[in-house]
Structures are given as structure tokens and as C-alpha cells.
Amino acid sequence: MSVAIAGPVGAPVTRSDRVTTLLGMVALRQAWLLAVNDLRQEARDLELILTSSFFSLVVLIMLGMSFSALGVSSQPLAVPGMLWLSVAFVGALTLGRIFTREREFDTLRALLVAPVERVSIYLAKAFVTLVILLGCSLITVLGLTLLFPAAQPFAQRPMATAALVLMGCTAYAGVGTLFAAGLASSSGKNVLLSVILYPLTMPSLLFALVATRSLLEGHESFTTYLGQLAATNVLAFVVGAWLFEPVLVGVPQKRRGTARAARRRR
Amino acid sequence: MDAPALLSLRDISKHFGRLAVLRGLDLDLRAGEIVGLIGANGAGKSTLLSIIAGLMPPSRGQRVFAGSEGVGLDERARFAVVSHTAQTYPRLTALENLELFAKLRAQAGCHSEPLLPTLDKLGLGYAAQRQAGTFSRGMLQRLALARALLGKPEMLLLDEPFTALDRPGRTLLASVLASERDRGAAILLISHDLEALVSVADRVVLLEQGVIAGAVPRAPDNDTFGPRVRELAGRMPAVRAEAGA
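Heads up: the protein sequence lines correspond to chains A and B, in order. 1 is the number of the first residue of the first sequence in my numbering; add one for each residue after it. 1 is the number of the first residue of the second sequence in my numbering; add one for each residue after it.
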């Protein structure tokens, strides 16, 4: 291949560039560039951030008002549901929008024909979804802590809470990004997103729900549930990264047609 | 035209369900050649482009680019596509749009041309710091072409590139394509605008109902295509109207 290794604008390649290329880190570095690009655009129009934040706030207020009369003993049963229901709603909203920009301006095709590892597009979109989900979860967790006495463990064990929210949101972003991409590259039937998304994210949401309840009730099983959630995350990202390219550009029907054509020519 | 084909399509077919869009199509594209592919709406031009660019697998047949059937990172570093939509990020400036792709290329170990001179070449140097969302359709088309030229591609695929360009824009595009051809790039120009195609192409190919229905090379002596190309294009109602044939 006649292409020369070079820096961003034709500058000589740096030592770190060579190391990352050798270590097969190209996809991760391209994913970072794409994620920064998405976040930079988001910072300029605030479309996703504002929509998702206000949505979280509205969900929180509605749930808070609906369950304000709950006794303290019943609250550990309701609070996990409120948190993850909010994540599920905001996640569907975010995933619906995360590829809209690409579809509206057809930029996904520009990336697909460029020398960009396709898995890096998946990782970048999942990362941006995760950032937005984490921001919205922060609003929800703070709100729940203020509204419900039983949610005080969120404030008392901030590291455990952060790990829980990170794990739960990561699994959701990992699974959701794959299906949002598939729908964006087809005829854009966003209405299907929720239909497909909720059943597939249900296992990770259930793990997160149970882990949250054990955190609020102070059970030792919390770390076990967190471990299961981590395993779900690994599974979600391995499957997502593996299927992303076939979902976007299809699978070539290798050789079958060519062999048949060759036989016909003979 | 004795050089081996840089792109070779053999018996390419594409079906969407029971609808056959391409039916056993053969086409060669050589380095230093501009091939104009003309066809009516629905002839399969954009589907063919998607297959060549690796955006869609063919249902049957063989696509070989630079000796490889794959469309991996190495192959994608060697060709570029300009679509009928500009495919630019509206919230980014023209320079940032190019910078993103230059950085992505750099991570894949590919060289990119300097950005500002590339924008200047396409007459966009003055708008380098403007967001692409404020650009006219013609400017966006030129920005898309600038992005395609970043990596000095060996093969350039253009889908309706003359759309939305004014007369100076068309002249500029024609001169850029001629200089890319002289550099040795193979160029496939897809359009339904016969006048625009004959002004730059070395060979005009007609795509009709999913197969190559005919091809006319530019006559070397008088530098024209003669009446045969209009005769060919006249077989299609949509093109006939535009060609005035």
C-alpha cells in the first residue's frame, strides 16, 4: 500500500502513533476522536443534553409526587424502579437521537467509506450515550436522595452508587447503540427502537434493579450483583462490537455467486 | 487503455427481495481514466456505487479493487466517495470537518494533504472558519470534494457531483477532475446529466435496467464523443429529455 504513516495534517508520525498502531489501538483512538467530535457538536447545540436532562427532571418530579406518600419501609422497593425506569426512558430518547444527526446529514456513510474501523463508530456512539445517561442519572440519584429518606445510602456510599450507576448505564448503552445503529442505517424506523430495545436491555436493567435494592437495604449481596452487572457489560460490548459492522453494511455472500458465475461462464 | 483495471466488477447482481436492481453487470475502471456512468432514475446507479464503495454486498458476483476483494481499512484508504448529499457535519467549520477526517486517517496510518491548501484548491479557503451549516448547497458539494481529495485517492467515486453547482463551480469541478485523472486517479462519475458527463469523461457507459447497455469512448482525434453517445442516451426517456436528443 502506498499510503505513508503521517500525523493529523501530514506531519511526521510520532512515537506514540507507532506504538498504538502496533498494539492495535487504532479503533480506540478513532473512537475517541469520533466521541470528542460528537460531544463538541453537542456542546454547540445542546440538543441531546437539554432534552434528556429536562426529561429526567420531569420523570423525577412525576415519580416523586406519585410516591411521596409511601412509607419509609416500602421505599427501598420503589426507589430502584424509579431510578432504572428513568434510565430506560432517557436511554430510549437518547438512542433515538444519537444517530439522527448522522442520518439527517448522511455523515454515517462518509465514515463508513473512510479508513475508519467500524467498531470505533460503535464505541464512540456508545460512549456519548453513556455520558448523557450518566449525567441524567446524576440528576435522578440526587433528586431521589432529596425526596426519599430510604435513598440516603446513595449519599452515604457514593463510590458504590457511582459504580452501580456506571455499570447499569454502560450495559444499556452497549446494547442500545447496536440497535439504534441498525435502525438508523435501515429505513430509520425509530418506532421500532423501543420495541426491540426494552426486551434486550431487560436483563441488565433487572440486574441493576436488584443491585440497587441490595445497596439501599445494605445487603452483602450487592457486590455479587455488581459482578453480574459487569459480566453483562462485557457480554453487551463484545456482542455489540462483533455485530455492529454486519448490522450496518450487511454480510457479503462470499464466493457462492462467483463460483456459480464461473461455472456458467465455463 | 491497456493498463490493468484498478477496479473490476464481474457478474455483479443485486436483489432487494424479488426486485433485481443489478443483473450480471461487468465493468472495468483503469488508472488515469474518467468513466461517466449514465442512467435513468432507478437504473441502479446508486446501488452500484454502494457496492463499489463497500457499503452493500452484492447478491452475486465479484468486485476486485487493486487486487483485493475486501473493503477493509487498507482499501478504504485508497479510494474516496463524493455522494449526492454532502455528508458534512453542519455544526463544525469547514476546517474542522476536514480536520476530523485527516485525524481519523492519521490514526489508520494514512497521509493527508494539508487542509487549508485543499480548501483553497476548491475555492473555500475564505470560508474555512465558517460552520458548514451556513454553506450553500454548492459550497457543501465542494467541501465534500475537498474531503475526498484529502488522501490523494487512487479511485474517486462521484455520485451526481454537478448537482447544485453553478457554472463556475462546474468549471472548477471539471478542472479538478482532469488534474486528478492526470495524476493517475481512476474516476467513476455517476450522473443523469449527459452534458456534464461528456465534458469530462473519457468513456461514457450507459446503465439500463441493471446491466451495462453500451459504452462509448471519447474519440482521440477530435476529442468528442460524436453522435453515438446521444444515440445511446436517447434510448432512455429521462436522459433523452435532458440531452435534447
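Be aware that a few hints might be false.
[Stated by the list, open to error] On the chain B side, residues computed to face chain A include the following (Cβ under 7 Å):
#1 L19
#2 V21
#3 R23
#4 A53
#5 R76
#6 Q87
#7 R91
#8 L95
#9 K103
#10 A127
#11 A128
These are calculated hints, taken from the structure and not from any lab test. Backbone N, C-alpha and C fix where the C-beta goes; we use that ideal spot for every residue, glycine too.
Q: Grab the minimum C-beta distance from B/L95 to chain A and call the hint holds if it beats 7 Å, violated otherwise.
A: 10 Å, violated
**Q.** chain A contact restraint for B/R23 - C-beta distance below 7 Å
**A.** 12 Å, violated
Q.
Hint validation: B/R76 versus chain A, beta carbon distance must be below 7 Å. Holds or violated?
A. 5 Å, holds
(Q) Given B/Q87 as an interface hint, is its Cβ closer than 7 Å to any Cβ of chain A? (A) 4 Å, holds
(Q) Interface hint check: B/R91, Cβ to nearest Cβ on chain A, cutoff 7 Å. Holds or violated? (A) Check passed: Cβ of B/R91 comes within 4 Å of chain A, closer than 7 Å.
Q | Minimum beta-carbon distance criterion (7 Å), B/A128 to chain A | A | The hint is violated - B/A128 has no Cβ within 7 Å of chain A, the shortest such distance being about 13 Å.
Q: Could you check if B/A53 really has its C-beta closer than 7 Å to a C-beta on chain A?
A: At about 5 Å, which falls below the 7 Å cut-off, the nearest Cβ of chain A leaves the hint on B/A53 intact, so it holds.
Q | Hinted contact B/L19 with chain A - closest CB pair below 7 Å | A | Violated - the Cβ of B/L19 stays beyond 7 Å from chain A, reaching only about 15 Å at its closest.
Q: Return the status of the interface hint for B/V21: holds when the least beta-carbon distance to chain A is below 7 Å, violated otherwise.
A: With a closest approach of 14 Å, the B/V21 hint is violated.
**Q.** B/K103 as chain A interface residue, shortest Cβ-Cβ below 7 Å
**A.** 4 Å, holds
Q: Against chain A, run the beta carbon of B/A127 and see if the smallest gap drops under 7 Å.
A: Result: violated, 18 Å to nearest chain A Cβ.
In summary, the structure is inconsistent with hints 1, 2, 3, 8, 10, 11 from the numbered list given earlier, while agreeing with the others.
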